[in-house]
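Student: Dock the two chains into a complex; use the hints.
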Amino acid sequence: MLNNITMGQYYPVDSRVHRLDPRIKLILTIAFIVAVFLAHSFVGYVILAGFLFLSCRLACVPFRLLLKGLKPLRMIIILTFLLNLFFTPGDDVWVSFWIVRITREAFLQALFYSLRLVFLVAGTSLLTLTTSPIALSDGIELLLTPLKKIHFPAHELAMMMTIALRFIPTLLEETDKIMKAQMARGADFESGNLLSRARAMVPLLVPLFVSAFRRAGDLALAMESRCYHGGEGRTRLRVLKITRSDWIACGVLAVLLGLIILEGIVLKGVLF
Amino acid sequence: MSIEVRHLTHCYSEGSALSTVALEDVSLTIEDGEFVGIIGHTGSGKSTLVQHLNGLLKPSSGQILINGEDLNGEQVNRRALRQRIGLVFQYPEYQLFEETVARDIAFGPKNQGLSKEAIDERVRYAMDCVHLDYQKYSERSPFELSGGQMRRVAIAGVLAMRPSVLILDEPTAGLDPRGRDRILSMLEELHSREKTTIVMVSHSMDDMARLATRLVVMKDGKILATGTPREIFSREALMLSAGLGVPAASRLCGALRQKGFDLPADLYRMEELREHLLRLWRHTGSEAGKGGPAC
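Line by line, the protein sequences are chains A and B. Quick note: the first sequence uses this note's numbering, first residue 1, plus one each step. Quick note: the second sequence uses this note's numbering, first residue 1, plus one each step.
It should be emphasised that the hints constitute simulated quantities derived from the structure, not laboratory data. Keep in mind that the hints are not guaranteed to be accurate.
Unchecked claim - Listed next, the in silico BS3-like pairs over lysine-lysine satisfying Cα-Cα at most 30 Å (straight line): (1) B/K110 x B/K58; (2) A/K180 x B/K58; (3) B/K58 x B/K222; (4) B/K222 x A/K180; (5) B/K219 x A/K180; (6) A/K177 x B/K110; (7) A/K177 x B/K116; (8) A/K180 x B/K110; (9) A/K68 x A/K149; (10) B/K259 x A/K177; (11) B/K110 x B/K136; (12) A/K180 x B/K116; (13) B/K58 x B/K219; (14) A/K180 x B/K195; (15) B/K136 x B/K195; (16) A/K177 x B/K219; (17) B/K219 x A/K149; (18) B/K195 x B/K222; (19) B/K195 x B/K110; (20) B/K116 x B/K195; (21) B/K58 x A/K177; (22) B/K195 x B/K58.
Unchecked claim - Counterexamples of contact, computed for chain B against chain A with all Cβ distances above 10 Å: (23) T42; (24) E121; (25) H131; (26) K136; (27) R162; (28) S164; (29) E188; (30) T228; (31) A237; (32) L240; (33) Q258; (34) F261; (35) E271.
The structure presented is a predicted model; accordingly, all values stated were derived computationally and were not measured. All residues carry an ideal CB built from backbone N, CA and C; glycine is no exception.
Pulled out of the complex, with its shape left as it was, chain B reads as follows (with noise of 0.2 Å):
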């Protein structure tokens, strides 16, 4: 399913005093299968331009085309469509209010008016996606779990209506490492297995340069720069420029160069920089004999 935005403007409280543009003139395409990563400032518009992408906003002008078709055209059934594209919520663990676990998950595939059967399928398979066992869970509260556990439930929640695109809007704010990893590998394995098409909006630039295929740099609602995270982190200065810092390998492999290690520039993530410096301390140790560049 590609999703395809048109020139998008949106204004909060159009026509008042108090309107603002959250988005001007926005254009993007979302391929099949990619995972794309929006970044962005807080306020630059991130939040408002996902919530357009499955038809909660409307925009104030400029269209969104789902293969092809405008997402607020009237023949549209935007109900059936939001459950194709699948949207999680910053902090969806405050969206729960089911009895049981499995009966929250349950509610978006009732919604589709699915048979029982299926729904309790669809209940295994995103409590499967999302690491948490069946037969453990499944009838415990969601309340009286831990708030990362909270959250990979609202997440099932989403994942049971077997969404062909899904879109995270800051999926692991607020939680610890762990909690931070299982969310992660767990969009890693979605985005293999199942090619499901993701689109994530984070502040953590580690978290992008782990998964995403495609960078949206956004700023001030509009879009700054798109590319390859590859890219996107070799350009420090555009980063900062829109209020943003590079992933850490990005930084210290720029911190290196400057010591006069022999690094290309480009290199974002920790398990390549590791290479690269290990290359380079062999190469180096064979020559002089001994321990690695002095620093």
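Chain A on its own, in the form it takes in the complex (with noise of 0.2 Å):
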């Protein structure tokens, strides 16, 4: 019933791209998202296109798999289109009918917006394909950690988030295991009018909810007695290093944000 749902779409192979410093990968991700936006022409969306393809076959990740990611957006990226297609303004009419015109400026306008949607999507899919979520929220406390001197709680914040994560399916098991509780006792969760099914939730989510509070007790206690008191003077099992890899990845990174920016220099106003 819900176990369809897989926790975030970590894709677990061992490829260099996965043995990156997730604190490098962070960086190199924001760096890619910056790039998209410097992109000033489709050159400059085909050295991009270039990189994500490579770093996708580098990753040893399917390519379908980044553009899977795209598809909870689509409705976005079609909306991006048609909106930039119908109400930006040219000279050169395509096509022109009652109040529509679209322009040839138009149409490569949209073109233009909608693919920087699916370029942002793409790159920051091949971060969450290539990082486990626990991985990821350990690069982001590190990250955060020069935050700390200003007393913004960056462990508390990713402990935070590890617990979340790691509850996530345990979570929807109950979920599941409750709903058929209910349902063996002739509970109805399918049928009737919004404020019926509204109401048939409620066998759902007070036991759910009392056994989320349960294990989040039981789960204080425990790390209590392990000597658990924040992220003051903690140590890490496994000490992140950024080894030559990283600084390779940080120079391919560079190169490309060198490329886009001569790309934006050379070709300013060729298309637009």
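Tutor: Shown next as structure tokens:
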């Protein structure tokens, strides 16, 4: 019933990209996003697409998984395309009937902006496909560590993220079980109007909340009995180290950024 | 009500990379009035099997026939059927949700669409079955009861629907000996007094020795053997291969036989072992004129 929901979209294989330091991967993803916004022409997009494709190959992730990440956002992408297509002013009219006017400029701009969205989603998907949620929250914690100086709770935030991620499958399983148990007592979750359906959720939600609180209490007790007292003075089992391949990855991204900036200067105004 | 399982196979997350076969070609018939015990190691498919018996899980292939009618047929009202085949899940106390014990137990009968008087009568009946005093407990919150009491409230919630078949998945797991004993004697009573057909999944061979009229041994999603407890428990090698033990009485009996005691091989209840030992003791005592066999 609920077991077809897999947690995150981490693709568990061992590759050069998977082995990169999560901090570096986060920074590189941000750099990639900046590059996407800096690109001024389709030439830049060809460079970005080439980069994405190659890193995808290097990460041993099937390219279609990268595109699958676009599925939930397809409505937004289509909407962006249509809005730009119909409402961008231009001179070179292609089609014109009633109040609709489609120009060459509008078409190119629509394509450009919707492709920008595609690149943003695909680029960030590559991060989540190659980094486990736990490693990701580790990376976020370490990146936010400098903010501890202004009393930003970096460790606590990362711990909360880790725990939340850890309990999503557990709670899904629990939901499934309680749902079945109430169905065995004749509960009906599927029919009726909105109000009666909402009411039918009570026998599901109350036990679910009770057990979530119970688990939270148990977990807090277990953590305290292992002397957990927050992030202060805490060391880690696996210390993240910047390796040579991390530097190489940074270098590659720097070259990419440089190319995109160069393209912006050289080709500025060629397509628009 | 008879339940017939025919060549049942069930795969979890079928068609995906994580697909696992939980049950493979299982066939089984449960007759009216039986007390069937399903035993097996963790992950042998017991829970998956019982969830098929009232239609909560759909078979990947195979059929479940209730009184000869296919449970997953198009005409069948599965919701109504679930109320005639009551299923008590593992740790059922985690499904309680109402403000009072009485209202929680009334959830099932209310879903059956009964009148207020009938519901009240059912609640009293169910609480009586699980030995909870109506006066004392009906208006208490289920969340302030002890673990054993909560479990009995949850079982009452299923009994209140007056199912003709009662299925229980590990009803005694995690209870103290007293709580366990109460649940077991309650089941014993239901089976003998109300003639309810009972199917129980359990890890405890001693519970099974006490109650079951027939045992089904499962291993890796298949049925390894079925038979009376006497037949099953006398085959210790079979039980060990299924990753299970035998009841304490069988173990003791085996150990005594190895020491040369003249006992039948198929004893599995403490009471009958005691009978035999006493008889043996009296017998040898009168022959030798002193204290029983030396060991």
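Student: Work down the list of hints and note, for each, if the structure agrees.
Tutor: Results for each hint:
1. B/K110 x B/K58: At roughly 26 Å apart (the allowed maximum being 30 Å), B/K58 and B/K110 satisfy the hint.
2. A/K180 x B/K58: The hint holds at about 13 Å.
3. B/K58 x B/K222: holds, 17 Å
4. B/K222 x A/K180: holds, 24 Å
5. B/K219 x A/K180: Answer holds: B/K219 to A/K180 is near 24 Å, not above 30 Å.
6. A/K177 x B/K110: The hint holds at about 21 Å.
7. A/K177 x B/K116: The hint holds at about 29 Å.
8. A/K180 x B/K110: Judged against 30 Å, a Cα distance of about 17 Å means the pair holds.
9. A/K68 x A/K149: Not OK: A/K68 and A/K149 at ~40 Å, beyond 30 Å, violated.
10. B/K259 x A/K177: violated, 49 Å
11. B/K110 x B/K136: Satisfied, since the Cα-Cα distance of roughly 22 Å is no more than 30 Å.
12. A/K180 x B/K116: Status holds; Cα separation ~26 Å.
13. B/K58 x B/K219: holds, 21 Å
14. A/K180 x B/K195: holds, 26 Å
15. B/K136 x B/K195: Status holds; Cα separation ~28 Å.
16. A/K177 x B/K219: Holds - the C-alpha atoms of B/K219 and A/K177 are around 23 Å apart, at most 30 Å.
17. B/K219 x A/K149: Distance ~58 Å between B/K219 and A/K149 Cα, so the pair is violated.
18. B/K195 x B/K222: Holds, because 29 Å separates the two Cα atoms, which is no more than 30 Å.
19. B/K195 x B/K110: Answer holds: B/K195 to B/K110 is near 24 Å, not above 30 Å.
20. B/K116 x B/K195: Distance of about 26 Å is within 30 Å: holds.
21. B/K58 x A/K177: Measuring from Cα to Cα gives roughly 15 Å; hence the hint holds.
22. B/K195 x B/K58: holds, 28 Å
23. T42: Consistent with the label, B/T42 stays out of reach of chain A, its closest Cβ about 16 Å off (over 10 Å).
24. E121: With a cut-off of 10 Å, B/E121 remains clear of chain A, as the shortest Cβ separation is near 17 Å.
25. H131: Since the minimum Cβ distance to chain A is about 21 Å, B/H131 lies beyond 10 Å and the statement holds.
26. K136: For B/K136, whose nearest Cβ neighbour in chain A is about 23 Å away, the distance exceeds 10 Å, so it holds.
27. R162: Consistent with the label, B/R162 stays out of reach of chain A, its closest Cβ about 12 Å off (over 10 Å).
28. S164: Holds, since 15 Å exceeds 10 Å.
29. E188: holds, 23 Å
30. T228: Nearest chain A Cβ is 29 Å from B/T228, so the label holds.
31. A237: Check passes; 35 Å lies beyond 10 Å.
32. L240: holds, 31 Å
33. Q258: holds, 44 Å
34. F261: holds, 47 Å
35. E271: Correct as stated: the minimum Cβ-Cβ distance to chain A is 35 Å, above 10 Å.
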